[in-house]
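Novice: Please put together the full structure from these sequences, using the hints given.
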Amino acid sequence: NAGVMQNPRHLVRRRGQEARLRCSPMKGHSHVYWYRQLPEEGLKFMVYLQKENIIDESGMPKERFSAEFPKEGPSILRIQQVVRGDSAAYFCASAVAGGLGTYEQYFGPGTRLTVT
Amino acid sequence: GENVEQHPSTLSVQEGDSAVIKCTYSDSASNYFPWYKQELGKGPQLIIDIRSNVGEKKDQRIAVTLNKTAKHFSLHITETQPEDSAVYFCAASRTGTASKLTFGTGTRLQVTL
Chain A
1 NAGVMQNPRH
11 LVRRRGQEAR
21 LRCSPMKGHS
31 HVYWYRQLPE
41 EGLKFMVYLQ
51 KENIIDESGM
61 PKERFSAEFP
71 KEGPSILRIQ
81 QVVRGDSAAY
91 FCASAVAGGL
101 GTYEQYFGPG
111 TRLTVT
Chain B
1 GENVEQHPST
11 LSVQEGDSAV
21 IKCTYSDSAS
31 NYFPWYKQEL
41 GKGPQLIIDI
51 RSNVGEKKDQ
61 RIAVTLNKTA
71 KHFSLHITET
81 QPEDSAVYFC
91 AASRTGTASK
101 LTFGTGTRLQ
111 VTL
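Chains as they are written, first to last, in the working numbering: chain A, 1 to 116; chain B, 1 to 113.
Keep in mind the hints are simulated off the structure, nothing from the lab. Treat the hints with care, since some could be wrong.
[What the hints assert, rightly or not] Lysine-lysine pairs mimicking BS3-like chemistry, simulated, CA-CA at most 27 Å apart:
1. B:68 with B:22
2. B:22 with A:44
3. A:27 with A:62
4. B:68 with B:42
5. B:71 with A:62
6. A:44 with A:27
7. B:37 with A:44
8. A:27 with A:71
9. A:44 with B:71
10. B:71 with A:27
11. A:27 with B:22
12. B:22 with B:37
13. B:68 with A:44
Specialist: If you want it as structure tokens, here you go:
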């Protein structure tokens with residue numbers, strides 16, 4: 001069973017360009033979470049999605065950032081008009097509902113975004 | 001919202017010794033506490049977790065304890081090996097639609113020969 005897949009692994013964008021990050025969850029997982037990790041820091045929650053629905057976007061900046069998880073295909077995190085402060089590692093995690101309603105989250109390898 | 005504090009930030013132990021990492025959380029409604037290991041350039045790897053209806057859980061050389069009253073939980077690694085060297089993160093969450101993980105700031109564990 002393949003793990004969570006993310007691509008690209010590394011992405012370089014100039015200021016003002018768009019960054020599009022993709023995440024394919026583990027087989028059978030219908031819950032996707034996106035987290036951001038700045039250098040030497042912990043992971044910060046951004047958004048939680050289920051198929052075709054945004055469940056919690058409380059950690060997502062109000063402007064320039066958007067996320068989707070369509071019925072078919074990977075989840076996409078889109079950052080428009082990138083700025084240098086967007087440089088970070090972006091991790092996707094997937095989960096399936098457990099018997100006690102708790103979701104074990106399994107992480108992908110991340111996309112390292114560098115804005116020049 | 002939830003706040004998770006983690007100590008120490010760095011920890012150096014000799015091979016074969018034990019390592020303990022401690023976390024505290026603020027939200028009394030949190031009921032799920034996973035621990036992740038992150039190696040350089042990789043994504044976090046779930047190594048053990050504990051739910052609020054359990055006080056202790058063990059998996060080979062790794063154990064986690066939870067004190068709900070004090071809002072403390074800890075990771076214990078026994079008989080450390082060089083391959084245990086990594087950054088370890090604790091996290092806390094509720095279940096259901098509020099299941100986002102709130103992470104601690106991480107502990108860099110160095111196991112020396």
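Novice: List, from low to high, the hint numbers that the structure doesn't satisfy.
Specialist: Of the numbered hints given earlier, those the structure breaks are 3, 4, 5, 10, 11, listed in rising order.
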